Amino acid sequence: MSTRPKLNIPGTTLFDGDMARKGYALNKMCFSFNSEENRQAFLADREGYCAKFGLNEEQKQAVLDLNVLAMLAAGGNAYYIAKLGGIYKLDMQDVGAQQTGMSKEAFMAKLVEAGRN
Amino acid sequence: MAHIVGGINVTHVPYIGRALANNLQQDAYWKPFFDGFPPVHDWLAEVKPDVAVVVYNDHGLNFFLDKMPTFAVGAAPEYVNADEGWGIPTVQPFGGDLDLSWHLIDSLIEAEFDLTTCQEMLVDHAFTLPLELMFPDRLEKPIRTVPICQNTVQFPLPSAKRCLAFGRAIGRAIENWDSDARVVVLGTGGLSHQLEGTRAGFINKAFDLEFLEKLVSDPDWVTRFNNDELVEKTGTQGIELLNWLTCRGALGATVRQVHCNYHIPISNTAAGLLAMACE
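Residue numbers (the numbering used here), protein chains in the order written: chain A, 1 to 117; chain B, 1001 to 1279.
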């Protein structure tokens, strides 16, 4: 376990040593999506591609479900998950809406609102 | 000796790349952001920098989590952008400045900042977009560059205190460089935003505005917060303000604010721009 003191921030898990250890295979797979050839290989056989990178069951299911909170819980890092999201043309408002259980319109309105107060 | 003309801190949201590629500067969504730049372009035309030292964080283009340096300095003749996986257009390479790179490396390690040196280094949107924004004519009038990458991705990150000290060491090194070059320092990222978790979409305007003011007048103010506290106040990606702090450190004790722009939102981010001239 990481021995650094951690502050409890609601709705937030810092990507630290504990998460980096847990999510290494998932993040390594997502890093491979910097290449178009690899993105296509993933789309052609998603389960096979996950197996090639040694994802555990929890990580594989989160990827197949495109469930961002589940990927984070399985050690995924936001920047690497975003590379997977890119394959499905998800932007950061899609990803934000999914994680907060809001519609995309409501999520975007919340961002605009943050500028008003 | 080389001369630091000043520094510019700016947000590096990937979408800016798409806006630039599609000329959306006057689009209603983008206009409040892009309207911040003409005063900075005017100032740059006046101070005429030859080299830009760019403090940024990589998002999984050059550095994967297999090797994650806390501080890395580029020492390449050219820095190439590449596919980052999220569909933003790639841009033309940037020329390096090997003399300044190695002078920085020699000086910073002498000053006990034990950094990683990179003779090959891909540069991602956090490096390329701020340069595209500041130097829209860079292909006709090239500016030399030195990338300085800080880990703001995998905790533990360098503390605010350490980043400020690192920036001050960068500033001293540039000023001791035997060259007549004029140098501008960039710090990229922030301001408050959080991409992940049920707290996604978090923005803290009050903190950002205080930070913008303190960065000019009293940058040591930031060092009262540890990095977990900075995440609490600015979000998991708002912590990129560490790059701004390093840039500010390089500018010396006193700076004059040239221009400041702040707009919410660009993508999920409170977009900031702060140009400072060295006094």
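Worth double-checking, as some hints may not be accurate.
[To be verified] Dumping the calculated DSSO-like pairs for lysine-lysine here, alpha-carbon to alpha-carbon at most 30 Å:
1) K1233/B x K6/A
2) K6/A x K1067/B
3) K110/A x K1214/B
[To be verified] Derived list of chain B stretches under chain A, where covered just means 3 residues or more per stretch with a C-beta under 8 Å from a C-beta of chain A:
4) 1105-1118
5) 1147-1160
6) 1186-1198
7) 1218-1224
It should be emphasised that the hints constitute simulated quantities derived from the structure, not laboratory data.
The structure displayed is predicted, hence computed values, not measured ones.
Every residue gets a Cβ at the ideal spot worked out from N, C-alpha and C, and that includes glycine.
Hints, one by one, checked against the model:
| no. | hint | in the structure |
| --- | --- | --- |
| 1 | K1233/B x K6/A | 15 Å, holds |
| 2 | K6/A x K1067/B | 23 Å, holds |
| 3 | K110/A x K1214/B | 27 Å, holds |
| 4 | 1105-1118 | violated (count 0) |
| 5 | 1147-1160 | holds (count 4) |
| 6 | 1186-1198 | holds (count 5) |
| 7 | 1218-1224 | violated (count 0) |
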